Amino acid sequence: MKKNLPPSELARDSRFVRSTIMDAIMDPRNLAMSERDLGSAKLQPGRPAAADRARNLMHGIFTGEIQALEGAGRTTFDFDDDEAPFALKLDMARQCWDESRHVEISVKLGDWMGTEIGEFNEATFLYEAACATDPILRLCGVNRALEGLAIDVFNTMREFGDISGDPILEFCEDWMLADEVTHVKMGSDWLRRLTENDPERRERALEFQRGVDKLFSLGGFRGETEENPIQLARKLRAMAGFSTDEIDEISEISVQAQEDARAMSAGAAPSS
Amino acid sequence: MADPLKPRPAFAPWDRREIPGLFDVEESARRVGIYKWIEMRLFETLGGWVATVPELDVKLVLGRHCYHHAWHAELWDKRLPELREMNTTRLTVPANDAMEEFMESIREPEAPELTIEKLVGVYRVLIPRKVAAYTYHLNATSRITDAPTQRSLGFILQDEHADWTEGEMLLQSLIETEDEVDRAARRQVELEKMVLRAGGITGPGTLGEVPESVGAQVEGATA
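Here the protein sequences come in this chain order: A and B.
At position 188 of the first sequence (counting the first as 1) the number is 188 in this note's numbering, and the numbers step up by one without a gap.
At position 98 of the second sequence (counting the first as 1) the number is 98 in this note's numbering, and the numbers step up by one without a gap.
Treat the hints as calculated values from the structure; they're not laboratory data.
One thing to keep in mind: the hints can contain errors.
What the hints assert, rightly or not - Which bits of chain A does chain B cover? Going by a derived footprint, with three or more residues having C-beta under 8 Å, they are: (1) 2-13; (2) 73-82.
Said to hold, decoys possible - Label-pair ranges, simulated between beta-carbon atoms: (3) 17(B) with 112(A): 48 to 58 Å; (4) 87(B) with 80(A): 15 to 25 Å; (5) 128(B) with 85(A): 30 to 40 Å; (6) 85(A) with 161(B): 26 to 36 Å; (7) 16(A) with 17(B): 53 to 63 Å; (8) 78(B) with 111(A): 35 to 45 Å; (9) 162(A) with 139(B): 49 to 59 Å; (10) 48(A) with 78(B): 49 to 59 Å; (11) 192(B) with 81(A): 27 to 37 Å; (12) 148(B) with 226(A): 50 to 60 Å; (13) 188(B) with 4(A): 28 to 38 Å; (14) 198(A) with 172(B): 47 to 57 Å; (15) 225(A) with 183(B): 52 to 62 Å.
All of these numbers come straight from a predicted model, not from anything done at the bench.
Heads up, the beta-carbon is just placed ideally off N, CA and C, and yes, glycines get one too.
Chain B extracted, bound-state conformation (with noise of 0.2 Å):
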């Protein structure tokens, strides 16, 4: 047996994990905030449509994604007092107007025969942007500081790309002719350019480095 006594550094070999990461405390919060917000309109927006979609299949998995969506904004709002803001209301707000629009206009379509237009926001517009946004928070954020947003980022992204899968295979299933396909293509084109006037779902620097006007903002905001 190895001497117990022997001096061991506290990081393995093999554990790589550094700081400082990309973030510090306020813009964790931030993304975090904007995050919840997310969450909570796209888990209302499919709470929403179950009654309004007639296609069975659609209505089961709308339901269970729906309560997917709640728990994540159930997570942020658990994390967001340990970032310093005990206000979870506060940071709970879309990153600028553009992206309240976008979200707006993601729960617009309501008529049964709209299905196509309702899954096409969320799993080839909303999903893939949130998939993006929370896989740059996890890679840039530091591993050991901000290890509990990781951790939830982790459980989430686990859900996303599972519900993404099946939301595009949903998709696909429903769209059959030429038409449809145009109708999918156009509900995307023009969420995509709303989402891109916001500078992304947590705005401008989304996927980079966050301006400085959108830092000066935060730090004002959690003094």
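Bound-form chain A, shown alone (with noise of 0.2 Å):
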């Protein structure tokens, strides 16, 4: 088996259908829907189509566990002992098992929320940032960014269960949500004992990190206004070790994320 497996070769059964988030930035249709003055885009019961919005991400969180399961299991593999710390891949391993619950649950919730497998497309941006190949890296892209917006997700969908009244998914929500706690922390934690005498290593892991998360914000998805469905969840991510001024950075990424959308889109809207 080779090292570092590009994200084209992730293996999926024939249900599963593959996108590109430029298909969705570029895709006029969706420009058009984003024109439509329907309030706030916060994830709340009251919206029109709510229920749909909460299927169709809770298929997005289904296909982001398994790419985070995959991405824990490529950690522990394409590292060789001297290039990754075996306490390192000891927790990667841990992962590996709290993403595959993820994956079961996930299955469970969506069953229960009336979607399945397939109904939706899924993009593989959240592999991606577990290809990087300084350990290091990918410890700050998918611990600390992919699991980080698995904080504010799992938040704002937990706040929706408990506010529609669905116990289950509120339930689900909470226990998926005290795991991402836990990696986001490991993802901190290894990023300070690794860089401790390599301040350089830290800031370009650091930059990859913001890179990273400035995708997760996937054009105003993540924030901290009413036109972001999933808001910034403070409180649980300085659990996880972000110090206030990275949460005020990540906050200010989503802001410029979404401006760069909208400047995008417009440039994609065809002439009439």
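Assemble the dimeric complex from its two separately framed chains, guided by the hints.
Set out below in structure tokens:
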């Protein structure tokens, strides 16, 4: 088996349909839909099509968990003993088990919410963050950026479950949230340990994380205003080892990502 | 109430534990180091395969079992310093070159259509061999002097038996044609021959007395 498996080779059965972020951003139908004024974009039960959006998001969580499982698994394999400490690999193996359970929970929740595997497409950008060749960049991309996004998503979904009166959704998201806080903390701890005497490597890792965070802000998907479906979970992120400055920075990156996406969409709009 | 001052034997009549066992400290440490090396290579392999298998149920089981073997490696890593091996990487080695080749061969299949070959290597060859070697160690070493190793072996064997069953059930559900039966059998034969050449997963004497030449090497390594 070779090291560093590219995203194009992720193995899936026939139900899965793959797409890219650019497919979504450049799709003129999405531009037309985003121009509709539907009020707050926050995920809340009173919003039109809230149930469909929640199902779509749940499917996204499901595919994201598969890729998180694959990313953690590859980190146990891709690095030799002298490149990644034994204890780091043990942590990644533990994360494999956690992500495996999250996939199981997501499948059960998908059934509960009325969706099925393959109903929505799968983008592989989460796994792409797990393809860095330096283990600490990978930890920053996956554990701090990707799992950080998972904290925001699960917290939003847990609140959605609470206010929409769905105790099963709230219960499951709460359990997954507990694991994600652990994973983010794991990433923060390893970043500190592995770059203790190498500030340049730490800066490279943090820069990589900023790039991934911007990607994960998905043109306004995550942020702190009424326009953002997923809300930045400040308190839980602090619990997972993010400083206030780091959380502020992610918030700013989200605003910037939203503006960039607007500019790209405008550029892609057909001239009439 | 019984007289609290009445002398009682240290061992209750039903406690039949005996000393000595078949293994001295060096031999137990040698085996534990090999176990750790095998568990490490195994959890890395399962972790790497997760992304390469299209079957969703297999993918999830591999993710779970990956952690089981990592935990086993961690238990062995913690045991080594207690067996006078302070540099835990020194004994974390394959039993011999043939064993290293065997593990390389186990992890070789990559393509998404090779799930049967992947699972046969782990669940029909390696794990049965591990169950045998661990059980032999459990039965052969002293239940008094080497009790910490035995305790770990007990936990690990519980996992191994459960994972073996689960892997075998996955295989039986994946093998649907006679051609696939042949594929599974061919793979098993190929790997069995390799592990035979290694003398078992801890080398010659895996399930019996350790040849003197191996014991002498161990003394030299830990002196």
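Here's how the hints hold up against the structure:
1. 2-13: Contact hint for the segment 2-13 of chain A vs chain B: holds, 7 residues under 8 Å.
2. 73-82: holds (count 7)
3. 17(B) with 112(A): 48 to 58 Å: holds, 52 Å
4. 87(B) with 80(A): 15 to 25 Å: holds, 18 Å
5. 128(B) with 85(A): 30 to 40 Å: With Cβ atoms ~31 Å apart, the hint holds.
6. 85(A) with 161(B): 26 to 36 Å: The hint (26 to 36 Å, Cβ to Cβ) holds, given that residue 85(A) and residue 161(B) are roughly 31 Å apart.
7. 16(A) with 17(B): 53 to 63 Å: Holds, at about 55 Å.
8. 78(B) with 111(A): 35 to 45 Å: holds, 41 Å
9. 162(A) with 139(B): 49 to 59 Å: holds, 54 Å
10. 48(A) with 78(B): 49 to 59 Å: Holds, since residue 48(A) and residue 78(B) (Cβ atoms, about 56 Å apart) stay within the stated range.
11. 192(B) with 81(A): 27 to 37 Å: holds, 28 Å
12. 148(B) with 226(A): 50 to 60 Å: holds, 59 Å
13. 188(B) with 4(A): 28 to 38 Å: Holds - the Cβ-Cβ distance for residue 188(B) and residue 4(A), about 30 Å, lies within 28 to 38 Å.
14. 198(A) with 172(B): 47 to 57 Å: Holds: the Cβ-Cβ distance is about 50 Å, inside 47 to 57 Å.
15. 225(A) with 183(B): 52 to 62 Å: At roughly 57 Å between Cβ atoms, residue 183(B) and residue 225(A) fall inside 52 to 62 Å, so the hint holds.
In this structure, every one of the numbered hints holds.
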